[in-house]
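**Student:** Under the working numbering, think of the first position of the first sequence as 1, with each following residue one higher.
There could be a bad hint or two in this list.
Unchecked claim - Listed next, the in silico PhoX-like pairs over lysine-lysine satisfying Cα-Cα at most 20 angstroms (straight line):
#1 K200 - K153
#2 K173 - K218
#3 K197 - K153
#4 K743 - K715
#5 K802 - K816
#6 K663 - K607
#7 K284 - K188
Just so you know, these hints were derived from the structure itself, not from any lab. Remember, predicted model here, so these are calculated numbers, not experimental data.
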Amino acid sequence: MKDLSYNSKVIEQKWQAKWEADKLYRAVIDHSKPKHYALTMLPYPSGDLHIGHWFSMTPPDARARFKRMQGYNVMFPMGFDAFGLPAEGAAIKNNIHPKKWTYANIERMRAQMRTMGAMFDWEREAVSCDPEYYKWTEWFFIQLYKHGLAYRKKQAVDWCPSCNTTLAREQVKGDDRLCDRCGTPVIKKELEQWFFKATKYADELLRFDGIDWPEFIKVSQTNWIGRSEGASVTFKTEAGDPIEIFTTRPDTLWGATFMVMSPEHPLVEKITTAEHAQAVSEYKAQAAKQTDIQREAKDKEKTGVFTGGYAINPVNDERIPIWVADYVLMTYGTGAIMAVPAHDERDFEFARKFGLKVIPVIQPEGTELNGDTMTEAYPGEGLMINSGPFNGTPATSDKGVKNPAIKAVIEHLEQKGVGKMDVNYRYRDWLISRQRFWGAPIPMVYCETHGWNPVPDDQLPVVLPDDIDEWKPTGESPLKFHPTWKDTTCPICGGYAMRETDTMDTFMCSSWYHMRYLSPHYDKAPFDDAEYNYWMPVDTYTGGSEHANMHLLYFRFFHKALRDMGITEGNEPVMQLRNQGMVLAEDNSKMSKSKGNVVAPDVLVQKYGADTVRAYLMFFARWQQGAPWDSNGIEGTARWMRRVWTLFTDASDSAGTASDETKKDLRRKVHQTLKRVTRDFENFEFNTVISSLMELMNEMYKAREAGAVGTNEWKEAQEIYLKMMAPVAPHISEELWTEHLGKPYSIHQQLWPAIDEAAAKEDVVEIPVQINGKVRDRVTVAAEASEDEIKSAVMASEVIQKYLEGKEPKKVIVVKGKLVSLVV
RNA sequence: GCCGAAGUGGCGGAAUAGGCAGACGCGCACGACUCAAAAUCGUGUUCCCUACGGGAAUGAGGGUUCGAUUCCCUCCUUCGGCACCA
Numbered sequence: 001m002k003d004l005s006y007n008s009k010v011i012e013q014k015w016q017a018k019w020e021a022d023k024l025y026r027a028v029i030d031h032s033k034p035k036h037y038a039l040t041m042l043p044y045p046s047g048d049l050h051i052g053h054w055f056s057m058t059p060p061d062a063r064a065r066f067k068r069m070q071g072y073n074v075m076f077p078m079g080f081d082a083f084g085l086p087a088e089g090a091a092i093k094n095n096i097h098p099k100k101w102t103y104a105n106i107e108r109m110r111a112q113m114r115t116m117g118a119m120f121d122w123e124r125e126a127v128s129c130d131p132e133y134y135k136w137t138e139w140f141f142i143q144l145y146k147h148g149l150a151y152r153k154k155q156a157v158d159w160c161p162s163c164n165t166t167l168a169r170e171q172v173k174g175d176d177r178l179c180d181r182c183g184t185p186v187i188k189k190e191l192e193q194w195f196f197k198a199t200k201y202a203d204e205l206l207r208f209d210g211i212d213w214p215e216f217i218k219v220s221q222t223n224w225i226g227r228s229e230g231a232s233v234t235f236k237t238e239a240g241d242p243i244e245i246f247t248t249r250p251d252t253l254w255g256a257t258f259m260v261m262s263p264e265h266p267l268v269e270k271i272t273t274a275e276h277a278q279a280v281s282e283y284k285a286q287a288a289k290q291t292d293i294q295r296e297a298k299d300k301e302k303t304g305v306f307t308g309g310y311a312i313n314p315v316n317d318e319r320i321p322i323w324v325a326d327y328v329l330m331t332y333g334t335g336a337i338m339a340v341p342a343h344d345e346r347d348f349e350f351a352r353k354f355g356l357k358v359i360p361v362i363q364p365e366g367t368e369l370n371g372d373t374m375t376e377a378y379p380g381e382g383l384m385i386n387s388g389p390f391n392g393t394p395a396t397s398d399k400g401v402k403n404p405a406i407k408a409v410i411e412h413l414e415q416k417g418v419g420k421m422d423v424n425y426r427y428r429d430w431l432i433s434r435q436r437f438w439g440a441p442i443p444m445v446y447c448e449t450h451g452w453n454p455v456p457d458d459q460l461p462v463v464l465p466d467d468i469d470e471w472k473p474t475g476e477s478p479l480k481f482h483p484t485w486k487d488t489t490c491p492i493c494g495g496y497a498m499r500e501t502d503t504m505d506t507f508m509c510s511s512w513y514h515m516r517y518l519s520p521h522y523d524k525a526p527f528d529d530a531e532y533n534y535w536m537p538v539d540t541y542t543g544g545s546e547h548a549n550m551h552l553l554y555f556r557f558f559h560k561a562l563r564d565m566g567i568t569e570g571n572e573p574v575m576q577l578r579n580q581g582m583v584l585a586e587d588n589s590k591m592s593k594s595k596g597n598v599v600a601p602d603v604l605v606q607k608y609g610a611d612t613v614r615a616y617l618m619f620f621a622r623w624q625q626g627a628p629w630d631s632n633g634i635e636g637t638a639r640w641m642r643r644v645w646t647l648f649t650d651a652s653d654s655a656g657t658a659s660d661e662t663k664k665d666l667r668r669k670v671h672q673t674l675k676r677v678t679r680d681f682e683n684f685e686f687n688t689v690i691s692s693l694m695e696l697m698n699e700m701y702k703a704r705e706a707g708a709v710g711t712n713e714w715k716e717a718q719e720i721y722l723k724m725m726a727p728v729a730p731h732i733s734e735e736l737w738t739e740h741l742g743k744p745y746s747i748h749q750q751l752w753p754a755i756d757e758a759a760a761k762e763d764v765v766e767i768p769v770q771i772n773g774k775v776r777d778r779v780t781v782a783a784e785a786s787e788d789e790i791k792s793a794v795m796a797s798e799v800i801q802k803y804l805e806g807k808e809p810k811k812v813i814v815v816k817g818k819l820v821s822l823v824v
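Hey, can you work out the whole structure from these sequences and the hints?
**Tutor:** Here is the structure:
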C-alpha cells in the first residue's frame, strides 16, 4: 500500500498536470464514434469563480464524462462572454482599460477553473472580446443586414438611466419595468436604433418540434411571444378614412358601441372636432408626460376624452363615437380598438365611467344579459344575439378560428372585404444597439450621400481603440468622443463617412459562441464546415433558466436566421436543454458580494479537495432545483471520500473467506447500483448517483467484514465502483485505479461497465402482507414465487392467522414480488 | 387575473407503469477508542400514546382503489413567467 491517508491536494495537482500534458480531454473529429456535444453556458469574466459557477459546470462535466465512458466522442468546451458593462464600470472606477481588466479576470478564472478537474478542451476556448472572435460577430451583423433582417428605426425604446444605454424588451423585467442588469427602472426614449427582425420568426419560435426542452422554458417563451389569433377589421370615419383595428373577438363586432384610440394614434388629430380639440390635446400632452409604469399600471382607473368624431361599424353601419384613452397602447396591434363593453372587462369599465352604451351580443345559456343593468362584462361562451344574420350562432370558449362564431364572422368579413383573419404578437424585434464602449462595434458607416452601408468584409473587424481616456457615461458611446475612430470613408463613393459608434448587445456575441468553439481560430469563416458537420447540433445544453426569454430565445432566432441565409443547417441549435437551480445562501437569500454571503469555492477546494466539492454540489440538492447552501453538509461527502480511500487502500485480515452468499449479495448490489447510477446520470439526477454510491460503499464495508476481499466478486466491485465514481470524482478515482488497483491509465478512457441483469436480480424477496391496508407481517419467498406459493406462505404465518381469527379473507390481492393485500 | 413548477422528519432530500413512506447524508443523542480533544468506529433518531404494543402522518379537504407521496376534483402556500396585449 502506498499512501496511508487521502491527500487531495497532492493527488489533484498531480493528475491535473498529467491530463493536461497528455491532452486527455482534447476533442477531435472521429467518425468512428458517435459524437456528443455537451455545452454549458459560458461565464462572464467578473473576477472570481463563485460556487454558482461550480454548480453549473461540474455536474454537467460529470455527465459529459459519463457520456464519454459510454463510448461517445465528447466535446465539452469553455469560453468567456467577455464583452459587457462591468468592465466599463471598472474602467471608470479604476481608470483601467476594459480590455486589461477583462483579460486579467479571464486569466484568473481560467486558473480557478483548472482546479475543477473538468474535461474542458481548452484548445477550443473562445473569448468573445478577441478581435478574431468579434470579427465574425460583426460579419454576422452584416449578413443579417444584407438579408433584410437588420434595420434601423426611430421609435420609443427602453432606456436604463443607470447603465446609460438602450435595452431590448427582453431585458426589461417585471411589473416595475426594471433593468435586467442593474435593477433600475427603465424609461422611454425616442431614438434611432438598430434592430433584428426576430418577429419574422415568431411563429417558428413557438414550435419546439423534436427538441427536448423543459416544459417551463417552452411555456415561458410561448408566453413571451404572446401569439393571439383574431381578425383585423377596417372601420371608417365619417369622412371615409379607414381605421384599422385588431380583435380576438370578431364575433362581438355587433356589440362595438364605441372606439378607442391610443393618444399617439396618427388619426386622432384628424378626427378630433374643433369643439374637443383642446381637451384632446391636453390629454395627449398629459399621456406623453407619464412614464410607462404609470400608464400601464393595472389598477389605474381608466381615463380618456371624447374626440367628437364618429366611426361607422362595417358590419351594421352603426355610428359610434371615437374616444382617446391611454389604456390602448400604440405598441400593440394598430393602436386603435373597437370597444365591446358587454364582453370586455376594460371596455366595460370605461363605458360605465363615461356613460357609454352597452349592448350584449353573446347570450349565456339560461340567463339574459341586460346592457343597462349588468355589473360586469361577460367574456364567456353563449349564443350570438343582436348580430343580424349571425343570431343563434354558438360562440365557444375556443380561441381563434376553432371557435365557430369567430370563424363564421371572419368569413363574412372577408367576403365583404372589410376584414380578414389576422394574428398579433406581443413579441418585438430585438433592439441591438448599445451606447457603450465594451461591445462588438456595429460595422456600419454613414455617408451623407449614400446613407448607411456595411463595412466591406475585407475591412473586418472594426476594432475597438485602445487609446480611450474618457470613460464617463454620457448616454452615448465613448467611441463617439474618440478624436479619430469614427472617421472613415464611404464604401460606395470613397468620400467621408462616419462609423456607427454604438456597439452590439452582448447577447449577440453569445448567440453563436457554440459555433465558434468548433474552430476558434479559423479565419476564413465563423466556423469550419467540417467541424460543424460533425459536432452540430449541440446535444446537451445546460445553464440557468433566467435566460429563458433572453439568451435562449435569441440564439434560437439566430440559428433560424442563419439557416435561412444558408449558413447553418437544422432548425434548432440545441437538442436537449436542462437548467440547474440556484445555490442560495444559508439563510435562503440570494448570494451577493454586497451581502457578503458568497461561498468561495477556492477555500473549499483548499480544505477538502475538488473531488469533494464536486461531489457535494451533486449531492446536496436536486441539481435542477438548487437549494440553500449548508456548510456542515460537505463533511458528509468529505467523509465519503475518505471512507472510499480507506476501503481501497486498507488491508483486511479476513481476505478470501467470504461465503458464496456474501459474494453473490455483493455482486447483486454492485449491478443494482450500476443500473441506478447509469439511469440517474442520464437524467441529471446527480444526488441519487452519489447516494447510490454511498450505499454501495456501506455494503462493501460489510462484505469486507465478511471476508470478501480478494475474491473475484470483490475485484469486480472495486473496478465498477471506481468507474462509476470517475465522472464525479475524477482525481481520487484515477489515483485509486492506477496506483492502488494497478490498472492501466487512464480510468477516464475506460468504457462504462455493462450491467449484468441476471446478477442484479433478487432471488429471495421479503414481501409485506397487508390486512385492510395495514402492514401486519412480512413473508420471505423466492422472487419468482407464483401467486399460489405466496398465498400459502402468507396463510402459514401465525401473525396473519391471528389477525384473520379463523375467518376467510373476502379478497386476496397478490402482486408478485411486491406485496400481498388481504381484505376481511 | 392567466400560464407553469413545486409543497414529504429539525435540515437537504429518497421512493411515481398505484404496492413496505422517510433510502443516502447533515444535525442531534448515547456508546467505544483516548489522559483529553479532534478524527475514526458503533447504536439510535417522523410524530403521538396508556409505550415488548398501538395509532397518526407526504400542504388542507374530498374522490377513485384492496391499496394513493404517486391518479382525479376543490382549496391554501411558495417560486418563476406574462399581464389594460384588444
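**Student:** Give a verdict on every hint.
**Tutor:** These are the hints, each one checked on the structure:
{"no.": "1", "hint": "K200 - K153", "verdict": "holds (16 angstroms)"}
{"no.": "2", "hint": "K173 - K218", "verdict": "holds (18 angstroms)"}
{"no.": "3", "hint": "K197 - K153", "verdict": "holds (11 angstroms)"}
{"no.": "4", "hint": "K743 - K715", "verdict": "holds (12 angstroms)"}
{"no.": "5", "hint": "K802 - K816", "verdict": "violated (24 angstroms)"}
{"no.": "6", "hint": "K663 - K607", "verdict": "violated (37 angstroms)"}
{"no.": "7", "hint": "K284 - K188", "verdict": "holds (16 angstroms)"}
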